[in-house]
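Number of protein chains: 2
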Amino acid sequence: MKIISGGVCAAKGFQAGAVRCGIKPGREADDLAILVSDCECNAAATYTRNRVKAAPIYVTMEHLEDGVARAVVVNSGNANACAPDGMDNARRQAKAAAGVLGIEENSVIVASTGVIGQRLPVECIEDKIGQIQLSYNGSDAAAQAIMTTDTKRKSAAIEFVVGGKTCHIGGICKGSGMIHPNMGTMLAFLTTDCAITQEMLQDALSESVRRSYNCVSVDGDTSTNDMCVILANGMAGNEQIEWQNEDYEIFYRALHEVNVRLARQIAADGEGATKLITCEVNGARSEEAAERLAKSVCSSNLVKAAMFGADANWGRVLCAMGYSKAPFRPEYVTIGFSSQAGKVVVCDHGQGLDFDEELAKKVLLESEVVITIDLYEGESSATCWGCDLTYDYVKINGDYRT
Amino acid sequence: MKIISGGVCAAKGFQAGAVRCGIKPGREADDLAILVSDCECNAAATYTRNRVKAAPIYVTMEHLEDGVARAVVVNSGNANACAPDGMDNARRQAKAAAGVLGIEENSVIVASTGVIGQRLPVECIEDKIGQIQLSYNGSDAAAQAIMTTDTKRKSAAIEFVVGGKTCHIGGICKGSGMIHPNMGTMLAFLTTDCAITQEMLQDALSESVRRSYNCVSVDGDTSTNDMCVILANGMAGNEQIEWQNEDYEIFYRALHEVNVRLARQIAADGEGATKLITCEVNGARSEEAAERLAKSVCSSNLVKAAMFGADANWGRVLCAMGYSKAPFRPEYVTIGFSSQAGKVVVCDHGQGLDFDEELAKKVLLESEVVITIDLYEGESSATCWGCDLTYDYVKINGDYRT
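So the sequence lines, in the order shown, correspond to chains A and B.
Sequential numbering of the first sequence, starting at 2, is according to the working numbering.
Sequential numbering of the second sequence, starting at 2, is according to the working numbering.
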């Protein structure tokens, strides 16, 4: 398994490109992207579990009923959620993409991100979509075009070998901005040239999403528009993966590595964030308990604010564990903070230690901090990611819409 | 029912007082308070549901096993949670109070609020507690002494008539600071001269706490130290309330009015808050669903930040409802914002309205804003309270411990 460049175009036979339609007012950046495969793909997806779903989610669900697709069209600046003419406009967006690509409308996946409740100016999309220049090096252009309050493009790609054939898997994503999958919008688009059945592709994606994007900061709830899609065109020429054999395991590991790399980029680029927080829970009774605890810690405003202040306030960590509703024995809990600058254990078996405050400060001032929690109750572990809570978070979200 | 002054000493036969022990370093304010009744009281309490509980919670549970008490001793500056010698020190704190009051140790309720994980300097308490000057006008002194990051003292009192006798109920509280009952510490101490059995007192308190303090901002989870206690000394001379008759209803309404007034003060004084947010959900299928929706809206960081920015971003309200896990039909939802400055309906049956942005801004710039949500699905309602998310919140919590 080798980390490579190329993002969502790292796999054979995938092109991407972008254009500015003017949906994001007052900004010069592109806001519409297309991603397309040279041939039909098996496709799998996971969607937001929010009760309120945007129109493009419903249209994509329809188009993926047959399990195949060839392209993705995605705009930023407008979420097409709770918006007038939502379904009609999402269909027009797919149709416009199908038109310029010369493919079936039903082969196009549609996604949107941006403001809720305002009509999507689909006419701008219809007007400008023909100007998109597709390229086998188009990953960065597409990654840039799907950004909203993201400050950095996000992509990852991996090369791996299945049955003697070199395969690739890559992707781009946009942060939830919020870094809370339950609030902002998280979009991830993945491609692979590995040959794999739709069923195996969906299994691998669902499992990996649960342990990557859904472990970013909050409880697996999602915004109105969240979507993660993968297209597999089989162009690597390997024998198709049809069941959960060794090849499947190799594929899963590669896919998961890409997803974790993208998820970490989302967490690190949370709105206003100055640092990436990783919470590792070990020795839990079950993976579910470990995950609940790690998520509760990563999404606690008090923990997040303490991390911003480089304050080793482990009481807040323990408190967040306490209200997570996961079972654990407080009197067993050991908590440590670590980073490039070192490691400091602050609480041992539920009791505060007289730790080196100066070292703790140094550890927490780094841009990547790990909170390690040991429960000494079982064999299960989980890792979640989040970021700190800062002045800029409040600034960005105090006036995003206007 | 009449609003009166006097706080926790409004009821006959209750004295309070406070002193500075030096537990809050570098501050001049008092940090230890005592509240005592002239005679034995029936007592009821609700405690944090956090899995991690502070030592004073366990000691108070022990002391209230018999359902009676006479006094409360409470310190701020140190939570005595996950702290060395926690149980011993909480017991010493109760014993010190019993000593100066000349009562049984078992009649004393103990509470603490402040930093987690550090040993309570109980010696300071033992040293200074004798200097407390008790007074029938001591409510403000006690309310002041229990504050941590609160910026205002919080108290309320009501006069009401039961069976021809004038009764009083009053209380003081300290905000969770955080205004999230699941994170900071919420302490409330209530007294009444109304005669009521311990069982009825507990019923009324439990029911009222669920609809008041537990409706402040979050999901009913609580910090390590949260506690709400009521003492009833019967000195009003009414016939004792022994079952859920008309007198009980009168008592409940008075108690609930005091609790709602205190809960609103907590929400409005959330750390860094500039405004009180009330969320009313009407027309829900069940009270539970209404409550879940209202809490989800009040505790959404995105909604809170939008309120700080006076941004009528109703998409965030709908999104927060969507991930609350409560049942509702998005296509029925109507959302409005109101305040002293007027009312503006922003979403009708799930679709954005073309509302007056200028009026909306005016409405949201007020210090008390109400978000009204109509579901048109049933007859149930709920109200929750919260505050906005501000720069100061981040500032206060980025470096609270040091």
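For the record, the hints were derived by calculation from the structure and aren't laboratory data.
One should not assume that every hint holds.
Same chains, same label: a pair holds when it works inside one copy or across any pair of copies.
Within a straight-line C-alpha distance of at most 30 Å, the following computed BS3-like cross-link-like pairs (lysine-lysine) qualify [claimed, not checked]: (1) Lys25 / Lys153; (2) Lys326 / Lys3; (3) Lys326 / Lys363; (4) Lys344 / Lys166; (5) Lys25 / Lys362; (6) Lys396 / Lys344.
How the hints compare with the structure:
no., hint, result
1, Lys25 / Lys153, "within (17 Å within a copy, 43 Å between copies)"
2, Lys326 / Lys3, "neither (39 Å within a copy, 41 Å between copies)"
3, Lys326 / Lys363, "neither (32 Å within a copy, 40 Å between copies)"
4, Lys344 / Lys166, "neither (42 Å within a copy, 65 Å between copies)"
5, Lys25 / Lys362, "between (40 Å within a copy, 22 Å between copies)"
6, Lys396 / Lys344, "between (32 Å within a copy, 26 Å between copies)"
Comparing the model with each earlier hint shows violations of hints 2, 3, 4; every other hint is respected.
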